[in-house]
Amino acid sequence: MAGEKTVLVVGGGISGITAAVEAAEAGCKVILVEKLPYLGGRVARMNKYFPKLCPPTCGLEINFKRIKRNPDITVYTLANVENISGAPGAYTATIKITPRYVEDHSGTSKCVEDCPASIPNEFNYGMDMTKAIYLPYEMAYPMNLVADADALRKAKVSQDFGAFVESLQAKGIRLDLDAKPESLTVQVSSIVWATGWVPYDATKLDTLGFGKYPNVITNVMMERLASPNGPTGGQIVRPSDGKKVYNLAFVQCAGSRDENHLPYCSSICCLASLKQATYLRDYNPDAEAHIFYIDLRAYGRFEYFFDRVRNDDKIRLTKGKIVNIYEDPVTRDVIVEGEDILSGSRIRSTFDMVVLATGMQPTTSLEKVPAQGIQYDDYGFVISDTGIHAAGVTKRPMDVGTCLQDSTGAALKALQDTVGR
Amino acid sequence: MDHKIGVYIDTGYGIGEALDIDALSSVATSEFHAVVCRAEAYWSDPEKLAIIRNDIVTENLTAVVIAGASPRVFQQEFTFENIITERVNLREHVVWCHPANDEDTQMLAEDYMRIGLTKTGKYEERPPFTDPNEKGILVIGGGVTGLTAALGAAEAGYQVYLVEKELKLGGWLNKFSKVFTGRFPYDELVDPPVEEKIKAVGANDKIRVFLGSRVFSISGAPGMFEVIIRPDGSWIEELDAIQNRWLAEKKAKANQGGEEPEPAQTSHEEAAKLPPIPETLDFEHEKVSVGAVVLAAGWRPEDPPGLEKFGYGSHPDIITNVQMEELASKGKLARPSDGREVNTVAFIEVVDDQIAHPWLYNSAVGSLVALKQAHYLRKTNPNGKAYIFYENMRAPGQYEKFYRSLQDDPGVFMSKGTPVGVSNGGSALTVRLKDTLLGEDIELNADLVVLSTGMVPLTKDSSILNLKYRQGPFLPENPYGFNDSHFICFPYETQRTGIYTAGCVRGPMDILSCEMDGMGAALKAIQCAELVSEGKAVHPRAGDESFPHIFTQRCTQCKRCTEECPFGAYDEKPDGTPLPNPSRCRRCAICMGSCPERIISFRDHSVDMIGSMVKAIEVPDEYAEKPRVVVFICENDALPAVDMAGIQRLNYSPHVRFIPLRCLGNINMVWIADALSKGIDGILLIGCKYGDDYQCHFVKGSELAQYRMEKISETLQRLVLESDRIRVHQLAIDEYATIPKLVDDFMERLSEFDPNPYKGF
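So the sequence lines, in the order shown, correspond to chains A and B. Using the numbering used here, you'd call the opening residue of the first sequence number 1 and step up by one each time. Using the numbering used here, you'd call the opening residue of the second sequence number 422 and step up by one each time.
I should point out that these hints are in silico values taken from the structure, not numbers from a laboratory. Everything hinted at is true.
Here are the simulated DSSO-like cross-link-like pairs (lysine-lysine), alpha carbons at most 30 Å apart as the crow flies: (1) K674/B x K52/A; (2) K319/A x K855/B; (3) K837/B x K52/A; (4) K52/A x K881/B; (5) K889/B x K627/B; (6) K806/B x K730/B; (7) K212/A x K244/A; (8) K96/A x K68/A; (9) K1099/B x K1180/B; (10) K730/B x K319/A; (11) K800/B x K753/B; (12) K110/A x K469/B; (13) K1162/B x K110/A; (14) K204/A x K368/A; (15) K837/B x K822/B; (16) K314/A x K855/B; (17) K243/A x K1162/B; (18) K806/B x K321/A; (19) K837/B x K319/A; (20) K1036/B x K1162/B; (21) K822/B x K204/A; (22) K204/A x K319/A; (23) K368/A x K822/B; (24) K180/A x K469/B; (25) K1099/B x K1132/B; (26) K1162/B x K244/A.
Some residues of chain A that are not near chain B, with every Cβ distance over 12 Å (derived): (27) E122; (28) E166; (29) E182; (30) P199; (31) D313; (32) V323; (33) Y326; (34) R332; (35) R346; (36) S349.
Treat the numbers as computed from the prediction; the structure is a model and nothing was measured. Idealized CB from N, CA, C, for every residue including glycine.
Same shape as in the complex, but just chain A (with noise of 0.2 Å):
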């Protein structure tokens, strides 16, 4: 039933994923264009889904698997929308494709070990370095390399550099550092826009001590630590000295519901530090968690989830808003304090780590989208809907299963637009 039209997805996580999936298997031709050199956005990057504490990469395999055997979808990474022009049903978009700098047959890191530069590890939030010409992650789709043209020019000058190059070739890579990005011009009927969130800088929380304090680090770093492949193989310690994690924190809403930070309700961040409660006595079951908050935010289905965290007698809840965090110099371990909203007593109390559960910004608060007529809320979210659809976390702050209902609604928006209704 759809029409010959096309459409185009921006935004590679779960919700473009879903949109671009869901449209072309309702028989739209879809184009989906991601900034960074692999799918799967931020989801990619946790450890495990709440309630159900299962791993991200069992739905994406599936999604990549629905892709890659679909000739109705195009994908490029690396790529970004420069400009749209047109209306509802006949749009035009520039999308700039950022070389690769590196073509391969589907190579991995493992091929590239002895690359002589190295760059701190994006896809762990910084917390550890990869090489320079490197696979994104294990399970990244699509499965090639990807290299950073900047550190590899400057390490051209070293003496192995012209080795590793000519050893790369025996293993069907090739370096391209002078490539250059390319232009591209697409006509298409309809766009769903699903370019998703950034965690909200907690360096902006001056007194919380993300950036000063090692040891403090936010929720999103925690997943990468939780993670079997993240920079410390799931091992939950600290970053100061490596220590295994006995005593934990979680400062909730660092950021959301705060007037000078973001106004609204992130949504996830309570169920989350829920979650991240859970790795840690998994990891260590002599550990305990700590949480201060000021409503704790499960709904819905996810009370069976909260239920079963507040049942562990070693995962703490505290109604509670904490102002300050600092540091003992001499152990590092890390001091909160705030007021017990129940009792009224001040809270003070040491820990090994903290983790600030940080909110949602929308992308869109940061970089708008390149066409006109585009209206946005205060804090940045989407709110308008013709021709260009947002979905996901563009509209609002949302958790994944949520994510997915509405990125489905947006393709069938999609395909309205494709038949010209």
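Fit chain B to the supplied structure of chain A, relying on the hints for placement.
Frame of chain A, contents of chain B only:
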């Protein structure tokens, strides 16, 4: 069927250096008579693909085998029209995880070549099942979700049949005074957005509305559902009573245990207790044919016994939040008892702490409703005071702004507080609370007490769909008490293909989410109707054109296939043999594993095919000290995990041979018997995690595999073999690092036994 096979060995990736390619080629040419066998590096390159395409034409190839990288990569490159393509994974499963130029590594590669070529030789030609051609959509429920779904599908060009049990469309929205929208500017209350939608439905000539009607029955399958729609009447209570009794008996029996695990859904005898569609329909009705169904039947207020604890029913001024809507729609709030103006309202979140998850139905919107209703009072009575007591104030996302707007109102007082009781204090009601933010227990006088109630999906009360399926009229329920099957990643899926739940039957939700859900479910329904009309499967094997073929002559009417299908794909013929409904089938092939007669097969997946692949493994004699182990793995999670082990260059025993299955539930006992009687020393099964939070894409596949293996002891006894030669493992996709230990531990256990005495037979 005889195939002309071309074999293309990739010598890139270190394969050429690690293996004896000539010996490997000779497996293809001498043992399997491949027409062409070429060895070169990187067959995925365009100029190399041209060589393959040329061979296809000049050598009349019907099948191509690529022996190189994992099938997870270069899928598009290695797709040749009308040519069977099989992949042998020499990279991730051989050279990346085993030492180069080693006898055992070479034997492994050669065995994988044999397995792949054997599989290729067993592909059958069978055209897809393209009978289904109805593309209309049935939407059950004319509330906000159903209206949205109906409009969504109609505006994409599809015929819609909308069935509503009331005489007016709109559902609960007709009964609400005002609603919060979740839309910008977030803190406004508006009239329920219902008239507009009803008008749009009325104006759309692609939507046919059946008011005051219910679904009498749904039979058939996606793309060819037959729906009987019947005016509401006492018949529905009678039908519900029969069906609910049937379900209760089934559940009671399951709780007694001793039965096969679900989805051993419904025994033959049980199915017979359900009323069939009468041969003559001697009542007013309409029949429509549709491609797919959206179930948006909605909710009813929860009625926990806990309400009485707070005086509900004992005093007219103690009401539920649903009753409050009615009161508010009359304008100024007046006390039900005496009509006097209400000045003070206490809103209490009531949960029944006697039940397991007291907040389940309440927590999605309960807080927001209290905020909304406080607003009603403040809007109509400037001197009115609203007291909201909550456990956790749940105002997610931008609703925080709505919450804040009421926090700023001096007439609205909010606190955490646990209600203890409500008593009649004469002129007013007295509410007692503990654990409040004031740090003490408080008593409060109120003119009106509003108790919050939750939203219970109507599927809790009855089938609604009234399916005429062998496995019964109901949608199977998940452990959370709703009907979706693959929360989180595939939220619209249910265990009945082509039937998608939306709105408050899928979980308590606000209006915004209901609209979103109606759109999403409509898309899934459209997708299903389109795919099945092309003979293709829907999720998770979308596009698969194979479907089960049954050699009925040899069927013994054991009914296992009809009982074990997680999706209720099989009905039953009068003679007791299975009646497949191919468009209901998700192609998991669990039925293939359940069939003791081995008569169920798919064109590219059959008992014979997998059995032959097992038999293709060369088993060295008992003096060679080279044990052989077959590992059956689920291709969705375990297979990628094994690939990841290769990508990470993890080492494990070279004596194991991985054979991927569509689902571990495919496992047929005969493969085990065949493998053991051929001298295979051990069999390992690796499938997805099961239990309440199962990760199986086919719900119960791995659990069924476990169950079947528990029954294998008989076979082992007959062969006089140790039961530990078979082991079942649950593995999540990200647990690939444990694969070496898992394999090597098993090998160690096997080393305690003598070699399988059947080697060489």
